[in-house]
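Working from the sequences, and respecting the hints, build out all of it.
Listed in order, the protein sequences are those of chains L and Z.
Numbering (this note's numbering) for the first sequence: 1 to 311.
Numbering (this note's numbering) for the second sequence: 1001 to 1311.
Read the hints as simulated data drawn from the structure, not as lab findings.
Fair warning: this is a prediction, and the values are worked out from it, not measured in the lab.
There's no promise every hint is true.
Reference listing, derived: stretches of chain Z covered by chain L, where coverage requires no fewer than 3 residues with Cβ under 8 Å from a Cβ of chain L [unchecked claim]:
{"no.": "1", "segment": "1041-1054"}
{"no.": "2", "segment": "1255-1267"}
{"no.": "3", "segment": "1296-1308"}
So these bits of chain Z aren't anywhere near chain L, every CB distance computed over 12 Å [stated by the list, open to error]:
{"no.": "4", "residue": "Gly1033"}
{"no.": "5", "residue": "Pro1092"}
{"no.": "6", "residue": "Glu1099"}
{"no.": "7", "residue": "Ala1101"}
{"no.": "8", "residue": "Lys1106"}
{"no.": "9", "residue": "Glu1127"}
{"no.": "10", "residue": "Thr1137"}
{"no.": "11", "residue": "Asp1164"}
{"no.": "12", "residue": "Gln1165"}
{"no.": "13", "residue": "Tyr1209"}
{"no.": "14", "residue": "Val1223"}
Every residue, glycine too, gets a C-beta built ideally from N, C-alpha and C.
2 protein chains.
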Amino acid sequence: MYKEIIDQAHERIKGYIHHTPVLTSSYIDELVGAMVYFKCENFQKMGAFKMRGATNAILQLDGVQKASGVITHSSGNMAQAVALAAKSLGVPAYIVMPENAPQVKKNAVKEYGGMITEVKSTIEAREAKTIEIIEKTKATFLHPSNDLQVIIGQGTAAKELLEDQPDLDYLLTPVGGGGLLAGTAMAGISYSDKVTVIAGEPSQADDAYRSIQKGEILKNKEVNTIADGLRTHLGDVNFPIIQKHVKRIILVEEETIISAMRLIWERMKIIVEPSSAVPFAALLIDKKSFTNKKIGIILSGGNVDVSNLPF
Amino acid sequence: MYKEIIDQAHERIKGYIHHTPVLTSSYIDELVGAMVYFKCENFQKMGAFKMRGATNAILQLDGVQKASGVITHSSGNMAQAVALAAKSLGVPAYIVMPENAPQVKKNAVKEYGGMITEVKSTIEAREAKTIEIIEKTKATFLHPSNDLQVIIGQGTAAKELLEDQPDLDYLLTPVGGGGLLAGTAMAGISYSDKVTVIAGEPSQADDAYRSIQKGEILKNKEVNTIADGLRTHLGDVNFPIIQKHVKRIILVEEETIISAMRLIWERMKIIVEPSSAVPFAALLIDKKSFTNKKIGIILSGGNVDVSNLPF
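Structure follows, in structure tokens:
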């Protein structure tokens, strides 16, 4: 049912993104007792899958909207994704960032040509400044995870993975704001007649797990997780998709996330950020559910401060 | 002149090694002002190119030799390479390791089925114990860099790279014991009519640079380099090949090695060990010699203790 719109999105963004490789490790396959295919969005432009959704959303704008620019507020990968996608499409990008965001991330946004406005580190300050800039510039707001065009763009990662490995039994992603998970679920039912989509979520930010149980969107009270990309909550656009098409959310503890991340670094020789290790951590704590299955895992990104590692 | 023997070696080892990918980075190309193709031997089995040479050498043994096993002394990648190559060929492997070798490396050798004998951390102790074991077991000694079959095996990495990118102008490797460099030089003249082979070497272990100047094999007095794979010296088998076919050795300082390594980690999201960053560091300090050229770099390995990084 979603196949056509994901196909169109993929066609639209193809020239602006990398078709990322799928890597495997015989050590990890043996450890898990299954065949695991890692879709390396850490190798995506700007280092994360968010480039897909941002590019797709900006390409959907009309000429007047493009001329007025786009805006987002983010301390993380969405800031870089919107800046770089906008740059490659010749569109102005306004990025509202908390003043305490890591300098390395501010530098990356600047390097990609994003116009940064720094605000206090509260969601209220971010939203107020965003509205102020929109009123002045007529820029279009891009939500990192609750915008349908963004969600569809994220779904192209799973599309590529299912085209490379058509007979996957399971497809695992992390869940934070829900954009990647919803897009992956849409792709799952579009490009496979058997794949089951599952998410990994930190126990320390278990809003999606609780939201599914309760049947309504719940927020986190605290977010003491190293998986900094997963501290946000679901939205009204992606929640119904996740409710309908995601089979299960597996909660994982911090120490499991860190050891899963380390395992990927040491065995696969690739750099992934903590959020990326969450679905693999979910697989590691429940191997018996996946024995001898073919499992796709979307490694969501690789933007990590190498001077400040958890090991 | 070497094409046939490298072809044969490649055919021989193909089923036991990975054909590693070649990665590029538009950021790095722009930074250097050239097109750089990274041959990712960090993704090779056991994490380094040494798997190629070890496999080739063991496959050349006759049945009696195979039954008696192979032996090497090493604290690093050669220990793991011989252990894993021997395991996959069903050959016993005796590995003499200094007692102060990192536990993680000892564990890897054990995991690959290597029989470890620990000795004091001097070259004399290592050699004495190796001879003792050879006398007892009749195992065949595999030198990590000064054995022709090992050298030819290492040359298959450059062969693959030149087959994937036939019009390279330059081919850069690190130089330590000289096995990879000599094998790469042999492949360079075999699979290209224009590629120039160049090595990067740490200033703190500049024995190869001085050996070429002097016309004889010199050793290092001190080896205060982070590039732990490059602390050894050339041998009588590889030295004449390097003398004849390597155009230039570029010396690099420690801080340049570290920043080159960090750049690869941060921009390419892959894990390389310090030795691997040495030829890239050489490129960075002499960009003007390579402007607009096509450059292949062999990223020699990715075995690094992620708990103990220089940044």
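Going through the hints against the structure:
1. 1041-1054: holds (count 3)
2. 1255-1267: holds (count 3)
3. 1296-1308: holds (count 3)
4. Gly1033: holds (17 Å)
5. Pro1092: holds (22 Å)
6. Glu1099: Holds, because the least Cβ-Cβ distance between Glu1099(Z) and chain L comes to about 23 Å, which exceeds 12 Å.
7. Ala1101: holds (17 Å)
8. Lys1106: holds (15 Å)
9. Glu1127: holds (31 Å)
10. Thr1137: With a cut-off of 12 Å, Thr1137(Z) remains clear of chain L, as the shortest Cβ separation is near 29 Å.
11. Asp1164: Asp1164(Z) clear of chain L: closest Cβ-Cβ about 14 Å, beyond 12 Å.
12. Gln1165: holds (17 Å)
13. Tyr1209: Holds, since 29 Å exceeds 12 Å.
14. Val1223: Val1223(Z) is indeed farther than 12 Å from all Cβ atoms of chain L, at 25 Å.
Comparing the model with each numbered hint stated earlier shows that all of them hold.
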